[in-house]
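**Student:** Place chain B on chain A using the hints.
In the order they appear, the protein sequences are chains A and B. When we follow my numbering, the leftmost residue of the first sequence carries the number 3, and every step to the right adds one. When we follow my numbering, the leftmost residue of the second sequence carries the number 3, and every step to the right adds one.
Hints are not guaranteed to be accurate.
Where chains are identical, the list cannot tell them apart; a pair therefore holds if satisfied intra-copy or between any two copies.
Okay, derived cross-link-like pairs now, DSS-like style, lysine-lysine, Cα gap no bigger than 30 angstroms in a straight line [unchecked claim]:
| id | residue 1 | residue 2 |
| --- | --- | --- |
| 1 | K87 | K192 |
| 2 | K93 | K122 |
| 3 | K132 | K90 |
| 4 | K193 | K122 |
Hints were generated in silico from the structure; no laboratory data involved.
2 protein chains.
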Amino acid sequence: MQRYFINNDLHTEEFELPEELYHHVMTVMRAKVHTKFEVVGPDQQVKVVELTQVTPNAARARVIKDLKQNVELPLNVTILCGISKADKAEKIVQKGTEMGASKFIFFNSERSVARWDEKKAPKKLSRLQKIARGAAEQAHRQIIPELNFCPSLSQALAQTSNASYRLAAYEESAKAGEKSKLAQLLQEAKKHMTADKKQEIAGFFGPEGGFSPEESDLFGQQEVLQVGLGPRIMRAETAPLYLLAAISFSLELE
Amino acid sequence: MQRYFINNDLHTEEFELPEELYHHVMTVMRAKVHTKFEVVGPDQQVKVVELTQVTPNAARARVIKDLKQNVELPLNVTILCGISKADKAEKIVQKGTEMGASKFIFFNSERSVARWDEKKAPKKLSRLQKIARGAAEQAHRQIIPELNFCPSLSQALAQTSNASYRLAAYEESAKAGEKSKLAQLLQEAKKHMTADKKQEIAGFFGPEGGFSPEESDLFGQQEVLQVGLGPRIMRAETAPLYLLAAISFSLELE
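If we strip away everything but chain A, and leave its shape as in the complex, we get:
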């Protein structure tokens, strides 16, 4: 069933569709009276609703079921990526949203060939935000991941200073045969999971050329764990997916 995010929580049984939703439901879904779809508000509650009335400019729907769903990862994962070339950011956001990320931060990394500046960033972020929304609807998420930009790695690090766990995918670490740091970190996170407050994991990923030795030093100084993600070399847009899948497997399925 098609899912949509709405800006306000549903407090009534029947409601008028917000304009953007009306537009999508009518033109893309070609909905009629009795068409059903799902809506999620900022409270993350998923409700099945049914169209009750359609006019040329507006439509009304009523709540027919409260799904009481919980499909979000048991902790919040922020994916921080050094800016890569071409449409890699779009791929990271699309697939990372499907796999459960709750936030993406893009930053200019030392080896970033393409860079964003404060002027270019808002347009990029707004496009990525649309991709995140579409992917979240398709993946039946309960939140749309947040998007953010930092001009440098040190600013990205500052944004994650409150995270419970911080790690960086470091190729050299994988080459050296480092095998168990990620598993240990996830075991630790599993032990400390509680129902009332979600922990936060921040994962840093380099651009195409990886992190520089100076950036690696910065991770060391700030106690960001440098972990290997297996012995193969993954592209910049693939490594974040490995982390998200490992987190889901380890905390949701094991």
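**Tutor:** Below, chain B without anything else, positioned relative to chain A:
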């Protein structure tokens, strides 16, 4: 360092570059005498070689180091996908190769909107094989994954009858909250890992619309385990990556 696959094992210290490799090394890498790169033969041995002589039509290189590397997954994973629209097969092969798959089989699934026939398949496979080679070189794999086509799911099932483990990603299973079958299967696989012979895992994935109830029945009859891959809905090209990352995390890092 750039890596290339060659068709014959290296038995001598010095050798003439095969034509295709010569072409790539000279035009893409703009190599000169003393340029170094890696070559892998069918024996999966990775060697660092250095150009010793370059003429307008040929070049010679000599082995300077045997890397004694092993970056392949501890078992062979075959990814079997119902044929999807557009360039999804290419994405699956590219990213799945980075994540360690050893074979891909594409099959016409009941809900496949686009279908391949025996006439169209060789051209598709030959294009995918090139993508697999490029991705394997970039990911520093020791093998190029095999590519194959089956006209139907039952033929794809027949091709995997010798696999140690067979599983199918089934959305209904994830929706029903099924959580631990994949973890149990990988625990089992871990217990039976031996140095002398690799086990085989075959993972089946549906096209955009997922598997039909009839296909699900077929999995049941053939004792293919239907497993959930977490509570979110992943696109056809994303789910195989989840499986590969889970296998790597569970068997290489944990």
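**Student:** If a hint holds in the structure, say so; if it doesn't, say that too.
**Tutor:** Hint check:
no., hint, result
1, K87 to K192, "neither (35 angstroms within a copy, 38 angstroms between copies)"
2, K93 to K122, "both (19 angstroms within a copy, 29 angstroms between copies)"
3, K132 to K90, "both (15 angstroms within a copy, 21 angstroms between copies)"
4, K193 to K122, "neither (42 angstroms within a copy, 52 angstroms between copies)"
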